[in-house]
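S.K.: Everything in the sequence shown is counted per the numbering used here, starting at -8 for the first residue and increasing by one.
Hints were generated in silico from the structure; no laboratory data involved. Since this is a predicted model, take the numbers as computed values, not measurements. Treat the hints with care, since some could be wrong.
[What the hints assert, rightly or not] What follows is a list of derived Cβ distance ranges for each label pair:
no., residue 1, residue 2, range
1, A241, K215, 24 to 34 Å
2, D256, D150, 19 to 29 Å
3, H219, D173, 23 to 33 Å
Virtual Cβ for every residue (Gly too), placed ideally from N, Cα, C.
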Amino acid sequence: MNIDKKSVFVAIVGKSNVGKSSLINRLVGEKIAIVSHRPQTTRNRITGILTKGTYQYVFLDTPGLFKSKDKLGHKMVKTVKNSTNDVDLIVMVVEPSEKIAMAEKDFIETFKKINIPVILVINKVDLIKNDNELIKIKKLYNDAYNFESIIPVSTISGDGIDDLMSNVKNHAIESEHFFPADMITDKSERFIASEILREKLLINMRDEIPHGTAVLVEEMKRVKNLFHIYCVIYCNKESHKGIIIGKNGAMLKNVATQARVEMEDFFNCKVDLKCWVKVKSDWKNQEYLLKSLGFMDDM
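Produce the entire structure from the sequences given, and follow the hints as far as they go.
M.R.: So, in structure tokens, the structure goes:
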């Protein structure tokens, strides 16, 4: 039987804060991965799906590679490494720099041991001053590894995205599609809701607080055109709880309002969002809570 459909699985890897989530959102054409200026924003492997005609593209967004200090960190690092298994293509995202970061060197050493083509994406090309600077950066990485291709892009303007998609398309293989044509992510509504709320915490909180928080959706139920979503925000310290709630509840109200607006846009219905803040010290090492947040034993 002839198969006229093609699919390609792509792992998007790179060190923290280089724009992997922004890139996958741009490639899919929808916001499915949260974005902030803070490192290690992505904790789970997020799958973005784009179906165009007979082609289906499956992008795996991964946490930035870093040294793990707790169970959460260990699972994040393991997620990155597992994401490079059983894919057709790897896209490594870097920032314009005259030096290759240690995390990127670690990735390159991994690439040398596996038989998977790798495309290098130089993101944030709007920061590059002239062509000579770009030529130097390309040579730096070319000398380090034999990349399939090196593509400068800007996830903000969209420059280079078509070139990248054309290169990715070349690696598609004949296969039935693995997901429905209208599906843009394999993540559940609970996961999407928790990530939207966590993003608003990342955007609004002081540096030391957001990465000490976790969002757990305890209940979701649709009643006619109203989506009731009840969330618990876990934090490490009592003092952090006070900051998250804010004076007279102002901070929590602001965060929840921003999240509710984005949830209504994503779920295409009215949302009744209720949030509670609880202290649970050392939650990053609590196995049962990590499982509730989507981190499995085999990750």
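S.K.: Now tell me if each hint is right for this structure.
M.R.: Hint by hint, here is what the structure shows:
1. A241 / K215: 24 to 34 Å: 31 Å, holds
2. D256 / D150: 19 to 29 Å: 26 Å, holds
3. H219 / D173: 23 to 33 Å: 25 Å, holds
When held up to the earlier numbered hints, the structure conflicts with none and fits them all.
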